[in-house]
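One line per chain: the protein sequences are U and P, in this order. Residue numbers for the first sequence follow our numbering, beginning at 6 and rising by one. Residue numbers for the second sequence follow our numbering, beginning at 6 and rising by one.
Watch out, some of these pointers could steer you wrong.
Given that identical chains are not distinguished, each listed pair holds provided it fits within a single copy or across any two copies.
Here are the simulated lysine to any residue pairs, SDA-like style, with alpha carbons at most 25 Å apart [unchecked claim]: (1) K204 / M157; (2) K442 / A271; (3) K436 / S309; (4) K479 / R504; (5) K436 / G153; (6) K436 / T394; (7) K467 / S162; (8) K467 / A68; (9) K36 / R504; (10) K436 / L127; (11) K436 / G398; (12) K36 / P90; (13) K131 / V101; (14) K467 / T154; (15) K436 / Y393; (16) K442 / P197; (17) K169 / M200; (18) K436 / D128; (19) K483 / D471; (20) K467 / M200; (21) K467 / Q158.
It should be emphasised that the hints constitute simulated quantities derived from the structure, not laboratory data. Just so it is clear, the structure is predicted and the values come from calculations on it, not from any experiment.
Number of protein chains: 2
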Amino acid sequence: MISSLLSRSSIARRAVRGFASTAVQLDASAKLNKPARFAQPISASDIPKGFVVSSTYAGIKAAISPKPADPNTSASTAAASNPNPKPDLALIVSTVPAAAAGTFTRNVFKAAPVVVSNQVLLDGAKKEQGARVQTVLVNSGCANAVTGTQGMQDAESCVELVKKHLAPHPGLAQSSEGRETLLLSTGVIGVPLPMPTIKRCIPHLANGMILRSDPESWRETARAFMTTDTFPKLRAKTFKLGGKEVRMIGIDKGAGMIHPAMTGPAVPSAVSSGQLHATMLGLIATDAAVQPKALQVALNRAVSRSFNCISVDGDMSTNDTIILLANGQSAASSSTAVANEIDESSPDFEPFVSELTAFCQELSKLIVRDGEGAEKFVEITCTNAPSYTVAHGLLSRLVTSMLFKCAIHGQDANWGRILASVGGADPSLTKDVDASKVSVSFVDPTGEFESITVLRDGNPVKVDEDEIGKLLTKEDIKVVIDLQNGKEDCTYWTCDLSREYIEINADYRS
Amino acid sequence: MISSLLSRSSIARRAVRGFASTAVQLDASAKLNKPARFAQPISASDIPKGFVVSSTYAGIKAAISPKPADPNTSASTAAASNPNPKPDLALIVSTVPAAAAGTFTRNVFKAAPVVVSNQVLLDGAKKEQGARVQTVLVNSGCANAVTGTQGMQDAESCVELVKKHLAPHPGLAQSSEGRETLLLSTGVIGVPLPMPTIKRCIPHLANGMILRSDPESWRETARAFMTTDTFPKLRAKTFKLGGKEVRMIGIDKGAGMIHPAMTGPAVPSAVSSGQLHATMLGLIATDAAVQPKALQVALNRAVSRSFNCISVDGDMSTNDTIILLANGQSAASSSTAVANEIDESSPDFEPFVSELTAFCQELSKLIVRDGEGAEKFVEITCTNAPSYTVAHGLLSRLVTSMLFKCAIHGQDANWGRILASVGGADPSLTKDVDASKVSVSFVDPTGEFESITVLRDGNPVKVDEDEIGKLLTKEDIKVVIDLQNGKEDCTYWTCDLSREYIEINADYRS
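Model the full structure from these sequences, guided by the hints.
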């Protein structure tokens, strides 16, 4: 089963892209065997208690495509010809209302599901119990972004449909309080959701007999998130908090238009009403008991060191969203969960933030691994900076440099491009950079090759071109930029820029 | 002669890049016949009075390359095998000290020639007569950037060598006052200038018998600026100022690492001491008489609407410099020139700024035309913005979007990518964007096809895919983003992102 799943995953991107004839030579993911290496199975014991999921193939992308590239792949025929098409609609349900937190894109053109989910969390935060959510509806194939008034109506309909059809489940709380729903959408921009398709599928997904908590159901749910991703991104772990075991599971997706800069729920300033993929989504669920306000603080901190530190191609999506649910069901006595919730003053809070941050980093790195056309995985650390803001800002500029990313692709130790890009950042960031103190090193994270310093205190170091050439042939490369002007640091993850990226984004209309 | 010059130009990039075997299929410039279309001859009557130039092949790039890709192209053999190699060292001399202005990169890692030239203008501005300059020394092949203390010493040596060897010329003023020299360097970063080579050549260049003012000498000087450029960028024009004819000539260069953001001469905050090309240089000379302070104001204004509004790949070079010299020699009675110089209150000032701005736009667009791998030329206007800063900032973000540039390359009207990129700009810029008011149109600048609005007041417009597809097959495309939220505007020029760009910047170590 695993192997057939993997083979399906590995052909996902080339199928989506529709250029099968040249796919073999193009597909860096297949060449580097990424699906087999990174689509890891999860253990049933790591799945948090009190969450159930369901997913289905609704045919969303086919329903909104005016001109399918290949008429044989229209919704009905695709389902008929493929006995197990990739799901594109999923429901994640907590058996009790869960403390909820979220971070959302700060793009001006926020998609309707972002606007709706943001508002649910804002409204919840005003209540005594804080933001509580029971369900998350996810779809891929259509981002419901830049869809104007229609898009907002459709998003609100989705919420109502879930509330209406969520059937009593053996473990489901019956209270109508806190049965809020959040939305995650990804896919084509500028086209409305195919509501008839979604209306038809939600009663099925919300059926208590369909909702399950086994690893295979979670894996299918992770697949429902995928668009041009070449493998499902799913991780789970168990860790101790206050001496007791809690579990955490996470799904994310994204491969292009990846350069998130998310904030917590915010009062909307302006909301809007083409075609492109939009893009980074993440859902994390834990059975730890955390008070909603503390949960939001924890997520903000974790995201600032993970999802907000990745870049594939420098563009921020209209849909970037990370949702975190904590339902407190790790303890058997769920009725007392709210009273025992961790808050910011709890001794368990910092350990929880650490565990969450590490987990978010693992999930966010999977997106960079699966970056469109990526053949390299680059970790860049800016150390000894005057502030996190400066370190993050300089790296955020560097990772969008086409010249730097081409050099990495070409295995060229072109550190001049690193300096030119960093040095060209906003003056508010570079004013604290003393060019005569900067050092730059290339590091092999596996330790096979020794680190090589190419610039020390602003002066070029004569290096052995062959040595550095060998280091750069590695798939994973680390770059350290030492500003020697402070004590803060930031680490960013990015990939190279390849011809395949151009193929994907120029030759195929997403 | 012209045709042989053009054929040399057209093979310049592929020769520099060193992948001749696949050059034909790669070279967008050759395919689109750019050298023949854009390397226009100039008329002798448009050359400003009182300027003379000289150029030579010094073999700078060969002298600093530790491992020439092809041993047959080392300095001496290249000169031997090619009877007319591209010059790489040139001198531009005004017969009298000229009013001088400059704009320089705000990159933290400013190259030594930038630091030296900036200081000359700062020092000059403190004098009663303002900044006056007589000579500009230009070299290509080595940027003298990130070269530490050695680089600064070398740059200062260049200045001294020019002063020492500049021989009395028939029309040359004999005063030692105002005989200042500015430096322009472009080429490889992180490697010191080959000073023995330069020392050997300067006496030759500075010889009064070699310095000439004919079109062919100017054209050879323009070629001395070139690195990966596929054609020399030279323009000249005559216009009337206060009823009298004045002339203006301009050279610029650049093809990659192009996203300038220059400012006028500034007190240095920090100065620094790899391999890459660095990159945009421009020299403009006029025989109009303009007071130095007014000249700097005029240049700042012109650059903000031209060179600071172009992008090939989003990276700002360490060497970006535009120099403007005005020697007042249009009038026969040069002795009274200083007294008659235009200042900011003169009625001739605004007309001069307009002429200069149009000229700078023409020159800067040549760089985008010659963008590495570029097959498209895109003009993007942001209209009805609350301020120039907002319009410029939003476009400056959009033109670095790989997704947008790939869509243009793929002739895909993917306006969703335009919105996602603009919407993801810095919040200080997007806070004044009302997403529900934004409109986006595609325009055919030739007028062959009608304009097509794809987004109106924040709502997608149903468009004829075939019509827009036809419009996007054109080489030149215009995009208009109407914010409907103010009265200011900005226009940016950029190109597409192609596989050839990756070839150039990943496979070849610049």
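A quick look at each hint next to the structure:
1. K204 / M157: within (16 Å within a copy, 70 Å between copies)
2. K442 / A271: between (39 Å within a copy, 21 Å between copies)
3. K436 / S309: both (23 Å within a copy, 22 Å between copies)
4. K479 / R504: Both. Shortest intra-copy (19 Å) and inter-copy (23 Å) distances satisfy the 25 Å Cα cut-off.
5. K436 / G153: Between copies only: 19 Å across, 41 Å inside.
6. K436 / T394: Both: 13 Å inside a chain and 20 Å across chains, each within 25 Å.
7. K467 / S162: Between copies only: 24 Å across chains, 64 Å inside a chain, cut-off 25 Å.
8. K467 / A68: between (59 Å within a copy, 17 Å between copies)
9. K36 / R504: both (14 Å within a copy, 19 Å between copies)
10. K436 / L127: between (37 Å within a copy, 20 Å between copies)
11. K436 / G398: both (12 Å within a copy, 19 Å between copies)
12. K36 / P90: within (23 Å within a copy, 43 Å between copies)
13. K131 / V101: Cα proximity of K131 and V101: one copy only (20 Å, versus 74 Å across).
14. K467 / T154: between (61 Å within a copy, 15 Å between copies)
15. K436 / Y393: both (14 Å within a copy, 24 Å between copies)
16. K442 / P197: between (53 Å within a copy, 19 Å between copies)
17. K169 / M200: Answer is within; shortest intra-copy Cα gap is 16 Å, inter-copy 80 Å.
18. K436 / D128: between (40 Å within a copy, 23 Å between copies)
19. K483 / D471: within (18 Å within a copy, 46 Å between copies)
20. K467 / M200: Classified as between; 19 Å across copies, 63 Å inside a copy.
21. K467 / Q158: between (62 Å within a copy, 19 Å between copies)
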